[in-house]
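Let the sequences and hints guide you as you build the complete structure.
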Amino acid sequence: MAEASKMQISDEVAIQITGMNKWYGQFHVLRDINMTVQRGERIVICGPSGSGKSTLIRCINRLEEHQQGQIIVDGTELTNDLKNIDKVRSEVGMVFQHFNLFPHLTILENCTLAPIWVRKVPKKEAEETAMHFLRKVKIPEQANKYPGQLSGGQQQRVAIARSLCMKPRIMLFDEPTSALDPEMIKEVLDTMIQLAEEGMTMLCVTHEMGFAQAVANRVIFMDQGQIVEQNEPKEFFSNPKSDRTKLFLSQILGH
Amino acid sequence: MSETHAQTVTYVRDSMLPPAPPPVGERGAVKWLRENLFSSPLNIALTVLGVLIVWWLVSASLPWWLNSVWNASSLGQCREIVAASAGEGATGACWAMVRERWHQFIFGFYPPSEWWRPVLAFGLLFAALAPVLFAGQKRNLTLILGGVLAYLVVTLYLAGAPGVAFALSLLLVAGLLVVAQVAPGRLLWFTLIFPALCFWLLWGGSIWSPIVAMAGFGVLYAVFRFGSPFIGLAPAAGAGVVAAALWWLYIDHAIADRLQAALPFAIEAVRSDLFGGFLLAIVIGVTGIAFSLPIGILLALGRQSDMLIVKTLSVGFIEFIRGVPLITLLFTASLLLQYFLPPGTNFDIILRVIILVTFFAAAYLAEVIRGGLAALPRGQYEAADALGLDYWRAQRLIILPQALKISIPSIVSTFIGLFKDTTLVAFVGLMDPLKGVTQIVRADINWKGIYWEPYIFVGAIFFVICFGMSRYSMYLERKLKTDHR
Ligand SMILES: Nc1ncnc2c1ncn2[C@@H]1O[C@H](COP(=O)(O)OP(=O)(O)OP(=O)(O)O)[C@@H](O)[C@H]1O
Ligand SMILES: [Mg+2]
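Protein chains in written order, with the working numbering: chain A, 1 to 255; chain B, 1 to 485.
Derived from the structure by calculation, the hints contain no laboratory data. A portion of the hints provided could be inaccurate.
[Unchecked claim] With a Cα cut of at most 20 Å, we get these calculated SDA-like pairs of lysine to any residue:
1. B:Lys-481 / A:Thr-106
2. A:Lys-124 / B:Ala-183
3. B:Lys-479 / A:Gln-149
4. A:Lys-138 / A:Thr-106
5. A:Lys-123 / B:Arg-393
6. A:Lys-246 / A:Arg-218
7. B:Lys-479 / A:Leu-105
8. B:Lys-448 / B:Ser-73
9. A:Lys-120 / B:Ala-183
[Said to hold, decoys possible] Not everything, but these chain B residues come out facing chain A in the computed CB check (under 7 Å):
10. Glu-382
11. Ala-383
12. Ala-386
13. Gly-388
14. Arg-393
15. Gln-395
16. Ile-398
17. Gln-402
[Unchecked claim] Pairwise CB distance ranges (calculated):
18. A:Lys-138 / B:Phe-320: 54 to 62 Å
19. A:Ser-10 / B:Val-242: 47 to 55 Å
20. A:Asp-181 / B:Ile-53: 53 to 61 Å
21. A:Lys-120 / B:Ile-231: 19 to 27 Å
22. B:Arg-378 / A:Asp-11: 31 to 39 Å
23. A:Lys-241 / B:Pro-409: 56 to 64 Å
24. B:Trp-189 / A:Lys-138: 55 to 63 Å
25. B:Tyr-11 / A:His-207: 24 to 32 Å
26. A:Lys-138 / B:Ala-290: 44 to 52 Å
27. B:Leu-143 / A:Asp-181: 40 to 48 Å
28. B:Pro-409 / A:His-207: 40 to 48 Å
29. B:Pro-409 / A:Asp-11: 57 to 65 Å
30. A:Asp-11 / B:Ile-231: 39 to 47 Å
31. A:Lys-138 / B:Val-12: 36 to 44 Å
These numbers come from a predicted model, not from an experiment. Glycine included, every Cβ here is placed at the ideal spot set by N, Cα and C.
Next up, the structure:
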């Protein structure tokens, strides 16, 4: 499988970040980030709490603003230009740790809202697409319920379906399984693995090292706002180079 | 697993126990009494005290209610009837006053021959509210519209409406009933034109005045629509408001007059100083409620805005209006507005009061809604952003529905407060039902000295309306409850 998935990575650049810095007031959260993501890559980002992982992937769809350097997503540079931001956001899907479903709308409405209002898809068609993706995440029968009636794992799969309905070319995941009970983690990871096999470009902040080994083609380790080490998963886990990485891995795999 | 089970567990139940009734002391009325009224010495004392107070109130007022007199032509006659039937020194309510003067409590000095107009407007008010209150629910819409139809048949007949008006009104409501069956969503169009229709029905005069005034909103929309691609949403909206204001101040009258000259169509005009009673309270209350909500929402959003000017203006407005008593506003506004408007414009006193009451309620609503906005988790904003929804769409589709839902109880409280505050217009010389009308009734030699009855009557009507609002808000909360926590 590893061989097959490598084949899907193309030379086309999906995300290009160069010399990016970000501050929260005086606090330097992201320091000189440089990275290139090719289309079809599946990248896992890990690192200790507070290292800036969330901030980094939130910069990619401009939920956070960077102060220095350049972020180019799908050929569009993120600046203060609202048109560019909207363009990038409609091509980049994002899945949050706490799902962030809209509690006042049904599952189906959650999934059709953005296609109808942003992409101007007719309602009928948007509903068909939504049902397609809900079947894909294996919960078509919940379409008319409200988010509050679903389990955490089901909600997170709805959140994934909701993003997919916008037909994004890149998916960002910010710790999608860390708010879930152990028995629900697998169902969400299965959905993500399926997505990866279909060649979706994915950036995923997660501590699920099994997932990283099975799916990722690259693991990025961050600490104190910097990229400390990146490597293929096999090398990364079996032969970490920096001391920080070794310490981190021993803590998270050790027990 | 099952093996370990078999080894470690030595007891297995093989027949289930049948359910047993709870002991007597834990059942029904006895239990309820014990738990709620006699659970502790303090509770027992309070219960006894409560019973005594209720007993005292009832025994003091019951004769007064029981001796009520409905047929009399003056307070003196009432007292004679009470004395004759219940003996010397007995007291009794004199509802004959209500029977004789009810119309002043309802209409003020509105000309009796035109009573059918407020009556019709009141019925149509529900037809206009229905699509807002019960969006798309065919059954409720049909029920309300059917009720309106029945109400109009009876009241228009009683009020002696002219035949044409009678027929046209029924036709209109019947038409709405049909629309409700075919395309309930379209009913909102009636809601949109209702303000102009209502204004015309109540104040009368040329039909062109409200039509041309409504066209001002058309101007606003046109400027906004064609301006926004060039100068952006917010500036275009501002330009639209300015254009509409200019329209209303300078162009409106000229056009309406020309149209009236060319195609005359008018009903008898009724001056504002003839309005009174609940007609006045409802006109001010309903308009204030209808307009204060959107203004309050905009102010709440403005207060959260990143744009410094918008934010400062919103905060300034809210804090100023909230910091000043409504009565002060009512007093000064009747003077100040005259200064700011071009000389010669005779700005109607009711309109002035409506504007002030609306602003007052809007400032309170803004704070209530801000609370709702603040209660939403940040994740909702982020999810909306991440899906590519722009600011206004995110607000309209995601943020406001939830924020407003959270704030329903406080919003309705503000509305109820606004409605009761309409009685304060007595202080700028308008005939509110409580002070204005009651004073007029008491000025009559026949009813001089009557005290409790008008207040109880007016209070009861206020209570029914406010209680209705409160019930509706509870219905709405239940209906919108989707979190299933
Ligand atoms: N809005 C903010 N204002 C100020 N500081 C912030 C803000 N958001 C995050 N930070 C700080 O920036 C740093 C990086 O935060 P970030 O959320 O990116 O960490 P993370 O790597 O995702 O951590 P975790 O694994 O706990 O989610 C943290 O020290 C955090 O305290
Ligand atoms: Mg994080």
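Ascending list of hint numbers which this structure does not respect:
9, 15, 24, 25
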